[in-house]
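**Q** Below are the chains, spelled out letter by letter.
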Amino acid sequence: MWQKIKTHISESQVWKSVIRHGYPDTRRNRTLVVLSNFFLHLHPTKVPSHSLKLSYTWCMGGLTFFLFLVETLTGVLLMFYYRPVGEYAYNDILALREHVPLGIMREIHRWGAHAMVITVWLHMLRVFLTGSYKPPREFNWGIGVVLLTLTLLLSFTGYLLPWDQLAIWAITVGSNMARATPFVGHEGPGAKLLNPGMLGLEDVPLIHATDDARFVLLGGPFVGEATLLRFYVLHCVFIPLAAATLMAVHFWRVRKDGGISTPTDDFSQKAL
Amino acid sequence: MESVRHLIDWLASPIRFLPLVCVIFFLALRGYRTITRPRVALAILLGAIIFYVLSLLDHNFRHIVAKPDNVPITIMLFLSGFCTYLALRQAAINDERMERGLAPLEKEGSETIFVWPDLVYIEFLAAVLVGILLTIWSIELKAPLEQPASPFRAPNPSKAPWYFLGLQEMLVYFDPWLAGVVFPTLIITGLMSIPYMDMNPRGTGYYSFKQRRMAITLYLFGFLFLWVTLITLGTFFRGPNWNFFGPYEYWDVHKVQPLVNINLSEIIYIKILGTGLPSNWFLREIWGLLFIAFYVFGLPPLLAKTALKNFAAKMGFIRYNVFMLHFLMMMLLPIKMICRWLFNLKYFVAVTEFFFNI
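Quick note, the sequences are listed as chains V and P, same order.
Take the first sequence: its position 140, counted from the start at 1, is 612 in my numbering, and no numbers get skipped.
Take the second sequence: its position 129, counted from the start at 1, is 364 in my numbering, and no numbers get skipped.
Treat the hints with care, since some could be wrong.
Heads up, incomplete: computed chain V residues facing chain P, CB under 8 Å, no partners named [stated by the list, open to error]: (1) Lys518; (2) Ser527; (3) Leu545; (4) His586; (5) Ala639; (6) Asn648; (7) Thr653; (8) Gly691; (9) Val695.
Result set (DSSO-like, lysine-lysine): computed pairs, CA atoms no more than 30 Å apart in a straight line [unchecked claim]: (10) Lys342(P) <-> Lys728(V); (11) Lys544(P) <-> Lys445(P); (12) Lys445(P) <-> Lys549(P); (13) Lys445(P) <-> Lys525(V); (14) Lys518(V) <-> Lys728(V); (15) Lys478(V) <-> Lys518(V); (16) Lys571(P) <-> Lys490(P); (17) Lys445(P) <-> Lys540(P); (18) Lys506(P) <-> Lys571(P); (19) Lys377(P) <-> Lys394(P); (20) Lys342(P) <-> Lys525(V); (21) Lys490(P) <-> Lys394(P); (22) Lys476(V) <-> Lys488(V); (23) Lys571(P) <-> Lys540(P); (24) Lys581(P) <-> Lys664(V); (25) Lys342(P) <-> Lys518(V); (26) Lys581(P) <-> Lys571(P); (27) Lys571(P) <-> Lys664(V).
Hints listed in this document are in silico derivations from the structure and should not be mistaken for laboratory results.
Glycine residues also receive a C-beta, built at the ideal position from the N, C-alpha and C atoms.
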């Protein structure tokens, strides 16, 4: 009876239109399951067994990606309830905390973000210590460094959104540095040189508090409502898209550069 | 008990804490085969846990460490320690094997196996496990929410998010244009240039320390000491007005810290020469400018001719200079720290007229 239903389903047109191979317990089907699935085809069909050992990879790269997915999911849920406007932002967060029974979406989002920062660092440590940045993987290491920066920026822009004292002052301290950017920050070295007066023309300082690097970052001379909107858009749209794109490149390059790193050296007594 | 606390508070001061961590770091790397023996490592772990648990009994310690946003730092500290142990342990085993003429463990018995089910199953389990841990963490610990944002009431201390506290701690030694702009940029470019600087062909795909001593020492120094240790210092030991407080000390807003730091120009003109400061800034800062110019532009070619002759020849002109730029900039921080502690040095170069302070 059970067998009959099973055959009936797996022989149906619907099933066959989705899954194009039998149960993956033979060599052929195990290959096909990876090759014919869009998500699984990130992987090769076979990998060296040492690369499955937790002690080798620490799982950190995969976990970083997993946490990115968790952040995307919980982030979308939070976006349903949060409005990035000065008069609503704080109250929306307060409501998430007070009015949702057992609500832990913000918690998962925040702790997941912290965890992601840590897993990125440790993934990088692992890649370094196994020499996995060496040829032919140099370029992918570079993409990884950009992804690390994007992860920190994602976390940094998100830090402002609760719009509480912790948020506004952390971002104030973190972005204060921008006003000391050489030449384009109004308290940076060389900013005073960008003045037609230096050429004997009219004395007009070109870089001041309302048009320097910090102003561009914050959308104002201090962390205010314009900053909140700016960081919201960066946090929810721009940086995640940039990170997702680079992640695709990162994963693709892992495959193109020969998959997970394996010992290639000659270990014969003579070579050592 | 009280005296132990005082001792730890005393030891935690940057002038003792940072050199201590540095010495421990280099000793640990030297004896990496000994300290990564499971028994030794277990003893260190137990020691750390006992220290942590006992310290949590202290009110001031608990107050800082148990802040919701500081919990990740504790996790990060233990994980960084564990991961470093894990890597060095395997490196020790592999190095010992390779000395005996055997291939590293990663090479031995490595056959290809199917992604389905072996890899997919590990990925699935890892995701489920971390998902569960994250859920428990989220149920147990509420995300912090303080008073509504007010641009008029600055908390003291105001701190950046925890992962940037290493940079904020650098502000003690350097002006924002260096600590907040130039150095972070150099960290990124430096990291990206690693694969092109490291010309050692050995060591891909397995853990080894012996074959890559310099690369690993430099990287771990940057990550564990200049990044993780400074974050720890910035989070746990910096209180109101960014003053230092020991782990068991009360964060007293009124702690008075004498401002005794002086510039290199003041040391030279006033303390040594006994004259006043020249009024012309260029004349005043000429010594500092000479020192920095020598450090950045003079030292690399000098070393290429002398101590690092072989190294420079092997690296080639561009590679050598890019490496030296990043290396010297990285070492500028410890150098400045030492000068601060020994001579109360504030700035090598202090052209406040143009915000150009180094």
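**Q** Against this structure, judge whether each hint is valid.
**A** Taking the hints in turn, this is what the structure says about them:
1. Lys518: holds, 4 Å
2. Ser527: With a minimum Cβ separation of about 6 Å from chain P (threshold 8 Å), the hint on Ser527(V) holds.
3. Leu545: violated, 11 Å
4. His586: holds, 4 Å
5. Ala639: With Cβ-Cβ at 6 Å, under 8 Å, it holds.
6. Asn648: holds, 7 Å
7. Thr653: Holds: closest Cβ of chain P sits about 5 Å from Thr653(V), inside 8 Å.
8. Gly691: At 14 Å from the nearest chain P Cβ, Gly691(V) fails the 8 Å test, so the hint is violated.
9. Val695: This interface hint holds because 7 Å falls under the 8 Å limit.
10. Lys342(P) <-> Lys728(V): holds, 21 Å
11. Lys544(P) <-> Lys445(P): holds, 22 Å
12. Lys445(P) <-> Lys549(P): The given pair, whose Cα atoms are some 20 Å apart, holds under the 30 Å limit.
13. Lys445(P) <-> Lys525(V): holds, 22 Å
14. Lys518(V) <-> Lys728(V): holds, 15 Å
15. Lys478(V) <-> Lys518(V): holds, 29 Å
16. Lys571(P) <-> Lys490(P): holds, 25 Å
17. Lys445(P) <-> Lys540(P): holds, 27 Å
18. Lys506(P) <-> Lys571(P): holds, 20 Å
19. Lys377(P) <-> Lys394(P): holds, 20 Å
20. Lys342(P) <-> Lys525(V): Measuring from Cα to Cα gives roughly 13 Å; hence the hint holds.
21. Lys490(P) <-> Lys394(P): Cα-Cα ~18 Å, so holds.
22. Lys476(V) <-> Lys488(V): Measuring from Cα to Cα gives roughly 16 Å; hence the hint holds.
23. Lys571(P) <-> Lys540(P): holds, 26 Å
24. Lys581(P) <-> Lys664(V): holds, 23 Å
25. Lys342(P) <-> Lys518(V): Holds, because 16 Å separates the two Cα atoms, which is no more than 30 Å.
26. Lys581(P) <-> Lys571(P): holds, 9 Å
27. Lys571(P) <-> Lys664(V): holds, 27 Å
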